[in-house]
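Can you build the whole structure from these sequences, using the hints too?
Number of protein chains: 2
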Amino acid sequence: MKNILLDLIKEKKFNKLKEELIKLNPVTISEIISGVPTREETIIYRLLPKELAVRSFSYLESEEQLRLITSFSTGETTELIDELFFDDLIDLIEEMPANIVTKILQASTFENRKKINHFLSYPEESAGSLMTTEYLSLKEDMSIGEALKYIRRTGKNSESIYTAYITDKSKKLLGVLSLRSIILSELDQQISDIYKSDDIVTVNTLDDQEIIADKFKKYDLISIPVVDLEGRLTGIITIDDIVEVIEEENTEDMQKMAAINPLTDKYMDVNSLDMAKKRIPWLLILMISASFTSGVIGKYEHTLALLPILNGFIPLLMDTAGNSGAQTSTLVIRELSLGNIGVGDWFKIMIKEFKVSFLVAIILSIVNFLRLYYLEMTLFGRVNKFEIAFVVSFTLFFTVVLAKLVGALLPLGAQKLKLDPALMAGPLITTIVDVLALIVYFYLITTFMPV
Amino acid sequence: MKNILLDLIKEKKFNKLKEELIKLNPVTISEIISGVPTREETIIYRLLPKELAVRSFSYLESEEQLRLITSFSTGETTELIDELFFDDLIDLIEEMPANIVTKILQASTFENRKKINHFLSYPEESAGSLMTTEYLSLKEDMSIGEALKYIRRTGKNSESIYTAYITDKSKKLLGVLSLRSIILSELDQQISDIYKSDDIVTVNTLDDQEIIADKFKKYDLISIPVVDLEGRLTGIITIDDIVEVIEEENTEDMQKMAAINPLTDKYMDVNSLDMAKKRIPWLLILMISASFTSGVIGKYEHTLALLPILNGFIPLLMDTAGNSGAQTSTLVIRELSLGNIGVGDWFKIMIKEFKVSFLVAIILSIVNFLRLYYLEMTLFGRVNKFEIAFVVSFTLFFTVVLAKLVGALLPLGAQKLKLDPALMAGPLITTIVDVLALIVYFYLITTFMPV
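Sequences listed follow chains F and Y, in order. Quick note on numbering: full-length UniProt numbering labels position 436 of the first sequence as 436, and the sequence is numbered without any gaps. Quick note on numbering: full-length UniProt numbering labels position 296 of the second sequence as 296, and the sequence is numbered without any gaps.
Rather than coming from a laboratory, the hints here were simulated on the basis of the structure. Built from N, CA and C at the ideal position, the CB exists for glycine as well. Do not take every clue at face value.
Below, a list of computed lysine-lysine pairs in the DSSO-like style, where the Cα atoms sit at most 27 Å apart [claimed, not checked]:
#1 F:K115 with F:K23
#2 Y:K50 with Y:K114
#3 Y:K50 with F:K215
#4 Y:K348 with F:K278
#5 F:K169 with F:K114
#6 F:K156 with Y:K215
#7 F:K2 with Y:K217
#8 Y:K299 with F:K18
#9 F:K217 with Y:K2
#10 Y:K299 with F:K299
#11 F:K217 with Y:K215
Quick look at which bits of chain F chain Y covers, simulated, 3 or more residues with Cβ under 8 Å [as the list claims (entries may be wrong)]:
#12 46-57
#13 151-165
#14 269-275
#15 315-327
Shown next as structure tokens:
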């Protein structure tokens, strides 16, 4: 496709080019634009009908947007600002360097500049920073016929016309009405007769994006009204922005579970110094807490010196304990964040983990025993005494059970203490079960082995 | 709210109860229903207007649905089946025990039974199993006015009326048209003049849900048409189902990264035996591969026996290497799955990880050196020779750098080999960098220390 279009440019067949372009959807156009040289990019962009041009623009990566907007005349900038949906405009301003922001603000009306400044003051990740002000609002005393006429006249400027919001004179939100209900009602019915006024799902301007995403999921919404503390409608948030938020929140959780303080940008956009800053804190904490393991081993130095073969099993025990614990804590952290379980379920979870860990531990320790006692002897001619194979496998059994119980309790405990389970339980689980594994190991050695 | 309603039942004020109920939205009602005893549940459900009753039903957990449906008369079952959206009906049938499925199928028309059987034959997680057949379809030769009339007449039975699909006589998909465009067009325009026919975004009945979710995200869709291999429209998928898919896919990735074979149900719904089966395979593989670490340590047994203090630092080195590697691999796996980076970016990623790891490694090893050489001496009176502190910290430096490079290469390699990075790279990263850490440690010991 791209090559066909580039050929048309080369042959200066601009009419044919325009014809081909308007068949495409804005996402495809944005992909094409970002793959061609600047000159061709500008030609393509200028041939697009205004609305398609602006919509394609909103799908570009910010560096592409920068490249294009730098080449814009004042008139073109004004046009872009007029046509962009307000939330896309705010996103754009947040991404652009200062000189371009100045250019954008100069091309905006006074009214718009005021609104932009107000929007930029909402905290990041709040409903205020996600919402758009271009929603469809209806009055109570309209008939369905009048409402439809009104929608036909003004709908072009609303980001979503599929939900209408009914407000009074002071902009207080009275109710919501889906376009579906409007379309399916008789023309002479009154809005006030059919709109839903009780039990409206709303969010507050300062609500965190995680809360908003949860409401979208729970109520299967395609948009949600945002109200201020006085119940006045200040904007709406649409589902396409929430899909991004859901991915962002999931990314954040995964990063926290891997002991990284969440990045605010994409991997490639974070410079190395900032990246290092996000990673060092937990690595330091975990490194220093690993001294406990050194401490435990140090205490049993003389035992190990007498039977150095016992050394070799420490990594195996620590790794298996860490993996078992991580399995459980990941499951519990995820279920907590999806709201499928709560702290109140702790007893049921412990029972389940106890049963599962028992099964898992039995199998692992039997396999391990057979491997140590029979296989290593046969294959490598290395003789592991029965006591050694027994103590190692017995330790394995206990540590797997312990690791799974700790793996379940740690995130539940974090949640109970109002700490973030992903951040608290994710990174710490391995260190904690490592120490437990060593304590069990040395306890069993001193109990069962004749040192 | 629940208590008010229960009081109304106790006082037998059913009219007032009904009045209160119809103000609520279906999600709230489903929450109330699932929190009350069976008798009250049935009373509330029966007081609801048909549509609200069915919509509330579709939000219930499957055990609640089972409880209710068991108490239904044949007439009520038929009503439920008639009113449920087809995809919810399929979900219901998939969840219910055999005797209830029989009851549902008996209450269905012959036509519906055929359709149900056809739907049940689509593979799980395919577009076919996610789609609904209740979409809005228009003909090319309608005018906007006729289309609107048609929508008003038939819209009640469509799950989504916000996108209309234009098909020919053989059901081949010709184009799509948003309700927005219909509403904003003149009544005497022809559908054929305004619908979009090129560059339609579709999915195939057999496409995996991950592909579908990606298209929703990329194109900001609220519904997508599903076509068969001949391009005939077979159904549509709506955004609310895709939001669930996105969460499912993320959950699956997290489980894979924690060395669990993905669960197909919620944690609480999986029995202990199945749960153990999902966890044992990777634990076994990882336990057995941990023999490499035992092997490395075994080879240096005599060195460790001469200087047993060196033992104590092994967990610290392994843990820090594991954590560093996991940080990088988690970031890379996640960015790969979001499509933000590709295998082709490997060189840029390696450069970035090299810089980051250098910064991180320097800081960690300096802190570690100071702690070992000065602090432990002062605080615990324990003397660590300069050589020991030096070798441990030097090892730390190299292993952190190595761990980060391996953490980046492993998922990229898995992707390149068309293996799932989350499954392959997630669980293995710790084991691999553990072995590397030990090799570096013993190499540096034998090089720098007079043993």
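For this structure, which hints from the list above don't hold up?
1, 8 and 12
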